[in-house]
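Using the sequences plus the hints, can you model the full thing?
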Amino acid sequence: MDSLGSFALLLALPFSAYAIAAALVGHWREKPLLRQSAERAAVAVGGLVIVATLCLVVLLLQDDFRLASVASHSNRALPTYFKFAALWSGQEGSLLFWSCILAIYNISVVLLNRRRHAHLMPYAVAVLMTVQLFFLLLNNFAASPFRLLAVETPIGPQIFLPPDGGGLNPLLQHPAMVIHPPMLYLGFVGFTVPFAFAFAALATRAKGEQWIHVTRRWTMVTWCFLTIGVLLGGRWAYAVLGWGGYWGWDPVENASLLPWLTGTAFLHSVMMQEKRGMMKVWNMVLIFATFFLCIFGTFLTRSGVLSSVHAFAQSPIGTYFAVFIALGLVGTTWLLLQRLDFLKSDNQLDSLISRESSFLFNNLILLAACFAVLWGTLFPLISEAVTGVKISVGAPYFNKVQIPIGLFLLFLTGVGPLFAWRRTSLESLRRNFTRPLIFAAVVAGVSLALGARHPYALMAIFLAFFVIATIAMEFYRGARVLRQKSALGWAPAVVELTRRNTRRYGGYVIHFGVALLFIGFVGNAFTIHEQAEVAAGDEIKAGRYRLVVRGLEQTENDNYLATRAKIEVYDGARLFTTMYPERRLYKASQQPTTEVAIRPRLNEDIYLVYAGQAEESGKAVIQVYINPLVNWVWIGGLVMVLGTGIALIPSRSPEAAAPRRRKKPAKERDEVPA
417 MDSLGSFALL LALPFSAYAI AAALVGHWRE KPLLRQSAER AAVAVGGLVI
467 VATLCLVVLL LQDDFRLASV ASHSNRALPT YFKFAALWSG QEGSLLFWSC
517 ILAIYNISVV LLNRRRHAHL MPYAVAVLMT VQLFFLLLNN FAASPFRLLA
567 VETPIGPQIF LPPDGGGLNP LLQHPAMVIH PPMLYLGFVG FTVPFAFAFA
617 ALATRAKGEQ WIHVTRRWTM VTWCFLTIGV LLGGRWAYAV LGWGGYWGWD
667 PVENASLLPW LTGTAFLHSV MMQEKRGMMK VWNMVLIFAT FFLCIFGTFL
717 TRSGVLSSVH AFAQSPIGTY FAVFIALGLV GTTWLLLQRL DFLKSDNQLD
767 SLISRESSFL FNNLILLAAC FAVLWGTLFP LISEAVTGVK ISVGAPYFNK
817 VQIPIGLFLL FLTGVGPLFA WRRTSLESLR RNFTRPLIFA AVVAGVSLAL
867 GARHPYALMA IFLAFFVIAT IAMEFYRGAR VLRQKSALGW APAVVELTRR
917 NTRRYGGYVI HFGVALLFIG FVGNAFTIHE QAEVAAGDEI KAGRYRLVVR
967 GLEQTENDNY LATRAKIEVY DGARLFTTMY PERRLYKASQ QPTTEVAIRP
1017 RLNEDIYLVY AGQAEESGKA VIQVYINPLV NWVWIGGLVM VLGTGIALIP
1067 SRSPEAAAPR RRKKPAKERD EVPA
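Throughout the sequence shown, residue numbering follows our numbering, covering 417 to 1090 in sequence.
Be aware that one or more of the hints could be misleading.
Unchecked claim - List time: in silico BS3-like cross-link candidates among lysine-lysine, alpha-carbon distance up to 27 Å:
1) Lys1035 with Lys957
2) Lys623 with Lys760
3) Lys691 with Lys623
4) Lys691 with Lys760
5) Lys447 with Lys691
6) Lys957 with Lys982
7) Lys982 with Lys1003
8) Lys1035 with Lys982
9) Lys806 with Lys816
10) Lys1003 with Lys1035
Stated by the list, open to error - With beta-carbon atoms standing in for the labels, derived distance ranges:
11) Arg531 with Trp906: 30 to 36 Å
12) Gly861 with Ala907: 29 to 35 Å
13) Met417 with Lys691: 52 to 58 Å
By construction, these hints were calculated from the structure, which means they are not laboratory data.
Don't be surprised by glycine CBs; every beta carbon is placed ideally from N, CA and C.
Shown next as structure tokens:
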């Protein structure tokens, strides 16, 4: 099986090179058969990479410890679903998984677009296969997933078969490991497709916005995958790392956020190009930047140049990524500069108080957030290059910079839908803003009366409910018009309204999810944290809760030993729940981990950590966090995903939505007054 996988990867190399050459030569010399052969070669490469990936999956499930990638990241006691997830847990397997996802995307692109967009396909195929070729070079020569373990003997190197493997990193043994990395990969790799078509549009001087129409749904699906991946990463950190939070501004966490920010900016600004023929150069820059930030994020994770709980060990593979990024940036920048005359805007900005200006400021704020994250992430490398000392930048810097940026972005999320295209009159501003502002002010006033004093928290509450009010008003106005023209009730009218313009109202649902997300962020300002050394019968007071420790319990399975604390939580005199935070010691790696206990509620989470035994007293160290509103972060994320799904559904025209009527005879129709 390992020989088949190695052969498939090796065979994919010349096929990839042929696809690139055939696509370009076929286009330049106008030879359709050569272009078709390039597309077929791309499909063949995809099939070969999928075969290689399936081979590695089978070897993982069979515990074939002859392979270094299997022996390093799996063992016999590992549950089957974690053995499958071991595919992307190590350097070699994860790079093969990247190649596999790209191969699936490439096959889909060829099958869906080879006839409808034939003039863009040669360059698109060439770009996609260039990226594929780069990863195949890594798979074959820099990080082969089929490398066999060997030991030196007097007669030369011999294949070594250890009795068991080292097992999966204990921090990765969480259900999120099965889905979080694939979601990130689907997002990271997926941005290769719009990048390829944007490059093709520039190279061929394709007129109009066809490349945008081709890739709009690709981009939205990819952005949705990346959104899910980022949210799952936060949820995983919240459930595993045991510090009470969900986003620590770790370099690898930041690496997933960077392309999400630029991708979000692209999805907004591209509407200006579709509606008004504006920001053509900017959109090219955004999609190119998003693609290279995806590659850069992979570089950060794989190279180990920055310290991270998520990163792989330091590896020379980072050099390959650095060269690829540098060459790619030079090539795309040169092409963009050569085509500036082709990308002139059809219109200019008419007014600062307009839908166009809100999109422009939205883009600037998202890019400011991206730059701030990038600067903070790379600052240790910059400081080391300048001073010789690696100075890390922590959460205080990121929070200080990103909170004001986030609030301004939330404000734009609310005002954007209220502005008209081209320009907005003062009367329209008064009519559209009055009710949402009053509603938001009332909610903020109630929050202040209930004890909220943190200025940023109050601003976030005000702006979040301002956004919610503007979205509700948009749905109300549209549904009211539909009800006036039909006998629909309110709920059917809202559904019909959404179906008639899924992109617009799906976007509003996404914005509603963003508002809920910020409501969840507000809870960080009111977190309660207590820590105590306790024995059986001791109590801990945290907010309005009283926690009573009833003792420690020992458990064991094939994979780990565990000690868990039994803690009863009282709300006043009432027993509210019993929780079991634990410490585990994994047998294969002898590595301890913390398994937090979480009691989720809509208004707050009770979050318990058993941090081990105190050295002097020998008592259990228990940490208690009361995290207000945190579940609205996850709810907001789900709403964003729902909104993306709605926006992906094709809109239904009013004519298609109207009930069919029986055709009247010609004479009868003539008698009906106009």
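Checking each numbered hint in turn, tell me which of them this model violates, lowest number first. 5, 11
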